[in-house]
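Participant: Each chain is listed here by its residues.
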Amino acid sequence: MSDPTFWLLARASGLTAYTLLTLVVLAGLVVKAKPLAAVRPAAAVDVHRFLTTLAIGAVALHAATLVLDSRVHIGPRALLVPGAAPYRPLATGAGVVAMELMLLVAISFPLRRRIGVRAWRRLHWTTYGIFALATAHGLFAGTDAARPWALDLYLGAVGAVASVAAWRALVPPRLHHGRST
Amino acid sequence: MYRIVIDRSLCSGFGSCAELAPDVFEVDAEGLVALRTGTSADPGVLDAADACPMAAISVVEVDAA
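Chains as they are written, first to last, in our numbering: chain A, 33 to 213; chain B, 4 to 68.
So here's chain A without its partners, still in its complex pose (with noise of 0.2 Å):
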């Protein structure tokens, strides 16, 4: 039997990534939803970019450990080819394709000015994008996602971030919160 260590950072690392990528969702969306009064919109955008820094880091030791472990055969190749890997190709294509989209965001904010900051905000669309895929890629390609509490996580992180995204579209941002006298 070989060492599990990798084989089990690997899924350690996969369900953290996916609540990292969740909060990273929920801070983005207070920025401009603004469901909470007293939380200003520069502290969410300061926790927002300190939670992707995060989530990337938990991404990459997620696809460094999978890569070490011996138990799946996922080579550098399919880290970066989405479909390329052995072990149920959609599923793994689809945390592939978001990893790679979720670095493209990250990368687009420091160029934000260069790209221009509309087409940078409309960019950031792809963020629902990025968070379905990671959702679909944890549901079937995840060892745990059968299990009841990993089903609560996924459970728990669709409601969130649909909850707060209705919020967005649907409730006004409040104008002039209390200091317009």
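Simulated from the structure, these hints should not be mistaken for lab results.
What you are looking at is a predicted structure, and each value in this text was computed from that prediction instead of being measured.
Hints should not be assumed to be uniformly reliable.
Said to hold, decoys possible - Just a few of them, taken from the derived set where beta-carbon distance is under 10 Å, the chain A residues facing chain B: (1) R72; (2) D78; (3) F141.
Virtual Cβ for every residue (Gly too), placed ideally from N, Cα, C.
Since the structure of chain A is already known, use the hints to place chain B on it.
Facilitator: Same frame as chain A, but now just chain B:
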């Protein structure tokens, strides 16, 4: 009276300030925010500075004279 300064190198065109104080802030052709006026008596500029996601707006209270 308030004096308003925008750090245009930080502005990312969210436009929250222009929604809160449209007499003071406007979104220009590039999608960035420009000042219509450098000073204003409208306390809404304080809300606009608070609402900026990039913390790009500074407001200083100055004597009206």
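Participant: Under 10 Å, Cβ to Cβ, is where D78/A needs to be relative to chain B, so tell me if that hint holds or is violated.
Facilitator: 9 Å, holds
Participant: Should the hint that F141/A touches chain B count as held when the rule is a Cβ pair under 10 Å?
Facilitator: Hint on F141/A: holds, closest Cβ of chain B at ~9 Å, below 10 Å.
Participant: If you take the shortest Cβ to Cβ gap from R72/A to chain B, is it below 10 Å?
Facilitator: At about 6 Å, which falls below the 10 Å cut-off, the nearest Cβ of chain B leaves the hint on R72/A intact, so it holds.
Of the hints listed earlier, there is not a single one the structure fails to meet.
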